[in-house]
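*Asks:* By our numbering, the letter at position 51 of the sequence shown is numbered 51, and the numbering carries on one by one without gaps.
Don't read these hints as lab results, they were simulated from the structure.
Don't take every hint at face value.
The calculated lysine to aspartate or glutamate pairs, modelled on DMTMM-like cross-linking and capped at a C-alpha distance of 25 Å, are [said to hold, decoys possible]: (1) Lys37 to Glu27; (2) Lys37 to Glu49; (3) Lys55 to Glu45; (4) Lys55 to Glu42; (5) Lys55 to Asp41; (6) Lys55 to Asp33.
What follows is a list of derived Cβ distance ranges for each label pair [what the hints assert, rightly or not]: (7) Leu29 to Glu49: 28 to 34 Å; (8) Ala58 to Arg28: 40 to 46 Å; (9) Asp33 to Ile53: 26 to 32 Å; (10) Ser26 to Ile53: 37 to 43 Å; (11) Ala34 to Lys55: 28 to 34 Å; (12) Glu27 to Ala58: 45 to 51 Å; (13) Ala30 to Glu52: 32 to 38 Å; (14) Ala58 to Leu29: 39 to 45 Å.
For clarity, every value in this text was computed on a predicted model and none was experimentally measured.
Quick reminder that beta carbons are idealized off the backbone N, C-alpha and C, glycines included.
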Amino acid sequence: MSAKHEIPEHGLAEVIQFPRKAVDGSERLAELDARIKAAFDEIHELLGERREIEKRHAA
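All chains, full assembly: derive it from the sequences and hints.
*Replies:* Okay, structure coming up:
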């Protein structure tokens, strides 16, 4: 896994979850941005893995 796609030591679930407390709009936007980025990073990683498997099966 490249450095760009490393999952933090505490795992992806911890990155995606957020405290269930009232936060002001800017904090909420930052949390949503972080969750969206983590999801896109995971999708990118999964697509790369899928391409590798498809290449092996096509050969």
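*Asks:* For each hint, tell me whether it holds in the structure or not.
*Replies:* Comparing the hints with the structure gives:
| no. | hint | in the structure |
| --- | --- | --- |
| 1 | Lys37 to Glu27 | holds, 15 Å |
| 2 | Lys37 to Glu49 | holds, 18 Å |
| 3 | Lys55 to Glu45 | holds, 16 Å |
| 4 | Lys55 to Glu42 | holds, 20 Å |
| 5 | Lys55 to Asp41 | holds, 21 Å |
| 6 | Lys55 to Asp33 | violated, 33 Å |
| 7 | Leu29 to Glu49: 28 to 34 Å | holds, 31 Å |
| 8 | Ala58 to Arg28: 40 to 46 Å | holds, 44 Å |
| 9 | Asp33 to Ile53: 26 to 32 Å | holds, 31 Å |
| 10 | Ser26 to Ile53: 37 to 43 Å | holds, 41 Å |
| 11 | Ala34 to Lys55: 28 to 34 Å | holds, 32 Å |
| 12 | Glu27 to Ala58: 45 to 51 Å | holds, 47 Å |
| 13 | Ala30 to Glu52: 32 to 38 Å | holds, 33 Å |
| 14 | Ala58 to Leu29: 39 to 45 Å | holds, 42 Å |
Violated hint: 6 only; the structure is consistent with all others.
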